[in-house]
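Let's have the full structure, built from the sequences with the hints guiding it.
Going line by line, the protein sequences match chains B and D. FYI, my numbering numbers position 17 of the first sequence as 17, with every residue one higher than the one before it. FYI, my numbering numbers position 7 of the second sequence as 1007, with every residue one higher than the one before it.
These are calculated hints, taken from the structure and not from any lab test. Please note: incorrect hints may appear among the correct ones.
As the list claims (entries may be wrong) - Straight-line Cα separation of at most 30 Å, DSS-like style, residue types lysine-lysine; simulated pairs: (1) D:K1057 with B:K49; (2) B:K105 with B:K69; (3) B:K61 with B:K78; (4) D:K1015 with B:K105; (5) B:K105 with D:K1011; (6) B:K105 with D:K1057; (7) B:K49 with B:K71.
To be verified - Estimated spans, in silico, between C-beta atoms of each pair: (8) D:G1040 with B:Q45: 34 to 40 Å; (9) D:S1062 with B:S5: 25 to 31 Å; (10) D:S1073 with B:L46: 19 to 25 Å; (11) B:K69 with D:K1017: 37 to 43 Å.
Think of the CB as a built atom: it goes at the ideal place given N, C-alpha and C, for glycine as much as any other residue.
Chain by chain, the residues run as shown.
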Amino acid sequence: AQSVSQHNHHVILSEAASLELGCNYSYGGTVNLFWYVQYPGQHLQLLLKYFSGDPLVKGIKGFEAEFIKSKFSFNLRKPSVQWSDTAEYFCAVGNSGNTPLVFGKGTRLSVIA
Amino acid sequence: GAGVSQSPSNKVTEKGKDVELRCDPISGHTALYWYRQSLGQGLEFLIYFQGNSAPDKSGLPSDRFSAERTGGSVSTLTIQRTQQEDSAVYLCASSQRTGTGQPQHFGDGTRLSIL
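Here's what the structure looks like:
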């Protein structure tokens, strides 16, 4: 069965600091990878996705993620965080078969001024 | 509407009662998913529907949980004889189709509290 690990439960950063949130998955086949974000009081929103092609994908709000197949990883990055990036971030994996996404447990990001 | 709509937004009920949670997916989306989000546990898949195919119920935690999708659109998740461990946020998502990594669009969820 697929599983997704997000190693950081809670990350606290100052504004302008760089961000990297780890995501590792277990599945040997073709995967589709997603990062979702949940701002306080809001629903889950898609941040970025990887299906194929360039393993470095750009998302909204300056986020990017890199798919490293050999490491089964899809880490999320942002060069300079803002207070408005305070949210919970979820990594998710789907395969090319007819199965729903498998989500990680989420990483809570708190950005302080 | 423009997004996935869920109702009620909050539900408080006594242990042992039955509850029904409703989801209106985005118009034209053929796939509909139910997830449960518990504190510190991420999202747990419950059930999904794709078109007229038989639903995948593999994530339902017990036979107290069931779901229907009428007319390929609105879905209802029913929990019978609720227990305190059922307290969670129940999220519904829809997508244009499954199997090709189509992104799922989420509703605001129903926060269920069992007293």
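Hint-by-hint comparison with the structure:
In summary, the hint linking K1057 of chain D to K49 of chain B is supported, as the alpha carbons are separated by about 26 Å, within the 30 Å threshold. Distance check on the hinted pair: K105 of chain B and K69 of chain B sit about 21 Å apart at the alpha-carbon level, within 30 Å; holds. A distance of roughly 9 Å separates the Cα atoms of K61 of chain B and K78 of chain B; the hinted pair therefore holds under the 30 Å criterion. Distance restraint check for K1015 of chain D and K105 of chain B: the Cα-Cα separation of roughly 27 Å lies within the 30 Å cut-off, and the hinted pair is therefore satisfied.
For the given pair, K105 of chain B sits about 24 Å from K1011 of chain D by alpha-carbon distance, which is consistent with the 30 Å threshold. In summary, the hint linking K105 of chain B to K1057 of chain D is supported, as the alpha carbons are separated by about 21 Å, within the 30 Å threshold. Of the pairs offered as hints, the one joining K49 of chain B and K71 of chain B holds, with about 18 Å between alpha carbons and a cut-off of 30 Å not exceeded. Taking 34 to 40 Å as the suggested C-beta distance range, the pair G1040 of chain D and Q45 of chain B does not conform, at roughly 21 Å.
Hint check: S1062 of chain D to S5 of chain B, Cβ distance near 26 Å, so the stated range 25 to 31 Å holds. The beta-carbon spacing between S1073 of chain D and L46 of chain B, approximately 22 Å, falls within the hinted interval of 19 to 25 Å. Distance hint check: the CB atoms of K69 of chain B and K1017 of chain D are about 48 Å apart, inconsistent with the given range 37 to 43 Å.
Of the hints listed earlier, those the structure fails to meet are numbers 8, 11, in rising order.
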